[in-house]
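> Fit chain A to the known structure of chain H by using the hints.
Chains as they are written, first to last, in the working numbering: chain H, 22 to 134; chain A, 111 to 224.
If you are wondering where the hints come from, they were derived from the structure by calculation, not from laboratory data.
There may be inaccurate statements among the hints.
Claimed, not checked - Derived coverage of chain A by chain H (criterion: at least 3 residues anywhere in the stretch with Cβ under 8 Å from a Cβ of chain H; other residues may be distant): (1) 123-133; (2) 216-224.
Stated by the list, open to error - Derived Cβ-Cβ restraints for the label pairs, each shown as a range: (3) A:G209 <-> H:T90: 33 to 43 Å; (4) H:L67 <-> A:R220: 18 to 28 Å; (5) H:S39 <-> A:G126: 48 to 58 Å; (6) A:P179 <-> H:K89: 24 to 34 Å; (7) H:L133 <-> A:G164: 22 to 32 Å; (8) H:G76 <-> A:P128: 45 to 55 Å; (9) H:R129 <-> A:L121: 20 to 30 Å; (10) H:S39 <-> A:S177: 17 to 27 Å.
This structure is a prediction, so every number in the text was calculated from the model and none was measured.
Positions of the beta carbon are idealized from the N, C-alpha and C atoms, including for glycine.
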Amino acid sequence: GENVEQHPSTLSVQEGDSAVIKCTYSDSASNYFPWYKQELGKRPQLIIDIRSNVGEKKDQRIAVTLNKTAKHFSLHITETQPEDSAVYFCAARPTSGTYKYIFGTGTRLKVLA
Amino acid sequence: SQTIHQWPATLVQPVGSPLSLECTVEGTSNPNLYWYRQAAGRGLQLLFYSVGIGQISSEVPQNLSASRPQDRQFILSSKKLLLSDSGFYLCALRDRVAGTGELFFGEGSRLTVL
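Just chain H, with the same shape it has in the complex:
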């Protein structure tokens, strides 16, 4: 079945440094790749997404890249701030005629002041 692997499971960076989280997906027909941020005890919220016809997308300090051939996509956060500390989830949406979203296992990011 469909699967999304996410690495690393935890990541600590110094404030101001960059953070990179990587995901791979199994279904080559997947066409939509969102990233969600979940603060402690709260619901996940979309921070950025990318579709399969685009290789890169940026939104201020956040960027996502997609390599369809290798079936992997990455989240890049530059100039990290303490408020970036949270759990980040990647997801993929297979296009097998269904509408389910498969999530990665999450990355706990800690930004050290």
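Coordinates of chain A only, in the frame set by chain H:
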């Protein structure tokens, strides 16, 4: 804009007791609806999704069930809870009208089975 209401927000249930979690949606119609479970420190596991009234797809065979009696209502149930059912249950919707692909999550229901 879309709004998702989930209740109860927290509950503690004994093993073997029944469960009913409710999710209602406002601000859109005919959404795709989803139930996800998040165990402590773990990822988001898709349990059920629905593309319309009475249409339920199950992703994980277990003692849970879901129903969609109305367009904007999604219910997660169990006849007998297990310890392993403890977790954070999130209802989510995809707004077909907006067509963005984004999943919107509710505030979640935290279940502890003792």
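> Given the hint of 20 to 30 Å, is the C-beta distance from H:R129 to A:L121 inside that range or not?
holds (26 Å)
> Please test the hint of 22 to 32 Å on the beta carbon pair from H:L133 and A:G164.
Violated: the Cβ-Cβ distance is about 50 Å, outside 22 to 32 Å.
> Mind checking the hinted window 33 to 43 Å against the Cβ distance between A:G209 and H:T90?
For H:T90 against A:G209, whose Cβ atoms are near 28 Å apart, the range 33 to 43 Å is violated.
> May I ask you to test the hint 17 to 27 Å on the CB atoms belonging to H:S39 and A:S177?
About 46 Å separates the Cβ atoms of H:S39 and A:S177, which means 17 to 27 Å is violated.
> With a C-beta cutoff of 8 Å, work out whether three or more residues of the segment 216-224 of chain A approach chain H closely enough for the coverage to hold.
This one holds; 3 residues, not fewer than the three required, reach chain H with a Cβ under 8 Å.
> For the hint 18 to 28 Å, verify it against the beta carbon of H:L67 and that of A:R220.
holds (22 Å)
> For the segment 123-133 of chain A, do at least 3 residues have a Cβ located nearer than 8 Å to some Cβ of chain H?
Since three or more residues must qualify, the claim that chain H covers the segment 123-133 of chain A is violated, with 0 doing so at under 8 Å.
> Tell me if the beta carbons of H:G76 and A:P128 are separated by a distance inside 45 to 55 Å.
holds (49 Å)
> Does the Cβ-Cβ separation between A:P179 and H:K89 fall within 24 to 34 Å?
violated (40 Å)
> Is it true that the C-beta distance of H:S39 to A:G126 lies inside 48 to 58 Å, as the hint says?
The hint (48 to 58 Å, Cβ to Cβ) holds, given that H:S39 and A:G126 are roughly 50 Å apart.
Violated hints, in rising order: 1, 3, 6, 7 and 10; the structure is consistent with all others.
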